[in-house]
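Chains A and B supply the protein sequences, listed in that same order. Going by our numbering, 68 is the number at position 67 of the first sequence; the sequence numbering is gapless. Going by our numbering, 206 is the number at position 34 of the second sequence; the sequence numbering is gapless.
Simulated from the structure, these hints should not be mistaken for lab results. Note that CB positions come from ideal geometry on N, CA and C, so glycine has one too. Certain hints may be false.
[Said to hold, decoys possible] Under 7 Å between C-beta atoms, here's a sample of chain A residues computed to sit facing chain B:
hint : residue
1    : V95
2    : P97
3    : T264
[Unchecked claim] With the C-beta cut set under 8 Å, the calculated list includes, among others, these residues of chain B facing chain A:
hint : residue
4    : T218
5    : S221
6    : M224
7    : L226
8    : I227
9    : T228
10   : H244
11   : V246
12   : L249
13   : F254
14   : L261
15   : P262
16   : V273
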Amino acid sequence: MNWSVIFGLVCRYTYIIRRSVPRIIEMLFWPVLDLLVWAFLTMYLRGISHGPPSAVTFLLGAMIFWDVLFRSQQGMTVSFLEDVWTRNIINVFVAPVRVREFLAATALVGLLKVTIIIVLLTALAAALCGFNLLVVGWGLVPLFANLIVMGWGIGMVTTALIMRFGQAVEMLAWAIPFLFQPLSAVFYPVSVLPAWLQPAALALPSTHVFEGMRDVLAGGGFPARHLWWALALNAVFLAAEAGFFLWMYESTREKGYLAKLGTQ
Amino acid sequence: MGEAIVEIGHLRKVFGKLVAIEDLSFTVGRGEIVGLLGANGAGKTTALSILMGLITPTSGSARVFGLELERHRVAILQRMNFSSAYTALPSNLRVEENLMVFARLYSVRNAQRKIDELLELLEIAHLKKRVAGRLSSGESARVSLCKSLLNDPELLLLDEPTASLDPDIADKVRKWLRLVQRERGIGMIYTSHTMRDVEEVCDRVLFMRQGRVFAEGTPADIVARFREKSLESLFIRVARDGELEEES
Ligand SMILES: Nc1ncnc2c1ncn2[C@@H]1O[C@H](COP(=O)(O)OP(=O)(O)O)[C@@H](O)[C@H]1O
Ligand SMILES: [Mg+2]
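Put together the whole structure using the sequences plus the hints.
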């Protein structure tokens with residue numbers, strides 16, 4: 002790994018955010034809007050529900066947790082797309098940039114965006130609904146870390162698909178993460194799913210993170226077992242996703258599409 | 173011509189059924205400017221892309237700086253650079269930010285000084301703070317050239333650098349290229365379908381047609397060999413009827 006290269010790429014992807022109002026809005030607007038909807042829903046449900054108040058605060062926690070996964074993936078794939086859109090991607094690929102350096106840089110951009118958004122959403126949730134995400138305690142760090150890593154994995158897959166199949170499949174960058182949402186048991190426990198779907202759900206790292214989050218919010222202490230599962234599954238997924246990326250990259254070079262990215 | 177910095181041997185690239193490059197062999201010496209001339213679809217961009225590792229060849233060998241391309245990709249890319257009319261620098265960054273980003277990608281030491289020196293050389297120091305997307309095409313061409321000189325390349329690959337430029341700017345680009353070749357002894361591969369480019373800039377020309385080189389030499393040599401008035405008339409003859417007789 003050459004840190005000068007990684008730093009250079011991170012600069013490139015953060016300069017554009019700094020200079021562009023639409024990008025800042027894109028980055029902050031949707032999460033905040035999302036949070037507002039869930040905050041109002043939470044207030045409403047609190048009024049009509051007879052169960053424990055924690056049941057409804059799960060929703061806000063779930064929404065913020067989901068955004069960690071989604072934004073981590075977005076940070077990665079949109080960085081790549083920025084270079085395709087500005088016809089710069091070839092300049093990057095013909096510079097002495099290793100594939101792993103490129104992936105590391107875009108992953109870092111994802112991490113940066115996630116950090117900004119999390120701080121913002123956590124503060125807003127506390128201010129609007131008195132929902133303090135920090136009650137999760139230190140467990141929050143490994144839970145988030147697992148979601149970020151899973152986001153990176155999905156980011157690699159969506160980037161690879163766009164690289165291989167061109168800008169025509171650009172919308173996959175926004176669509177693919179949502180494929181995982183129903184199975185990840187984001188807003189409801191896994192036990193709600195039909196029995197035959199539960200094994201599939203439990204095969205995703207994210208499911209264990211969301212289960213762990215609910216355990217903690219219900220006062221269950223550090224969710225060690227869920228975290229181990231998430232970690233192990235993430236390791237398997239990440240290896241497979243990195244393999245997929247390399248396979249697509251080689252195939253793209255072989256078919257000559259890499260040379261055409263962003264030039265048409 | 174001294175040592176060869178590029179050695180291509182029997183290179184072939186097929187895309188499905190289409191043969192983009194067939195039995196392409198050539199060398200480029202240190203400080204030499206070699207032109208790849210040919211109509212659209214002749215295989216020029218494919219050849220350059222292979223040299224940059226963007227496309228894997230179907231067969232044949234490619235060595236740059238004596239190193240085998242596929243195994244030493246990053247080490248080779250560190251010592252060469254690229255500029256093309258078909259790529260751009262990020263339009264939403266300032267010129268100096270753009271150049272700084274690429275200076276880091278190429279691990280350039282004393283980047284700020286290097287950037288200032290190149291902006292000075294190409295007489296665009298005043299554009300430093302401007303946003304790249306708002307430059308005229310002539311200004312962009314110069315900034316792009318700046319980017320391609322950041323790492324003191326020993327080899328510069330230029331894919332139709334004058335395409336889309338008006339004749340005045342195109343003329344200047346050719347002058348800048350000759351200037352940097354003279355001052356820095358940079359070897360270049362220059363693709364073009366414009367005779368003017370090739371005649372003015374290149375030491376040697378490979379005339380390509382359907383992925384093959386059918387004539388090679390100085391522009392004057394080639395013209396004489398095919399008994400034509402100019403490269404341009406030869407180009408047209410090749411494009412229209414294909415069959416060629418050489419003066420033996
Ligand atoms: N990725 C690709 N897939 C299929 N055909 C390609 C691809 N890239 C180039 N070609 C074809 O290969 C030939 C050479 O193309 P190219 O090298 O771009 O020519 P030039 O740069 O000389 O205009 C053309 O017929 C072109 O259509
Ligand atoms: Mg071309």
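Report the numbers of all earlier hints that the structure fails to satisfy, in ascending order.
Of the numbered hints given earlier, the structure breaks just one, which is hint 10.
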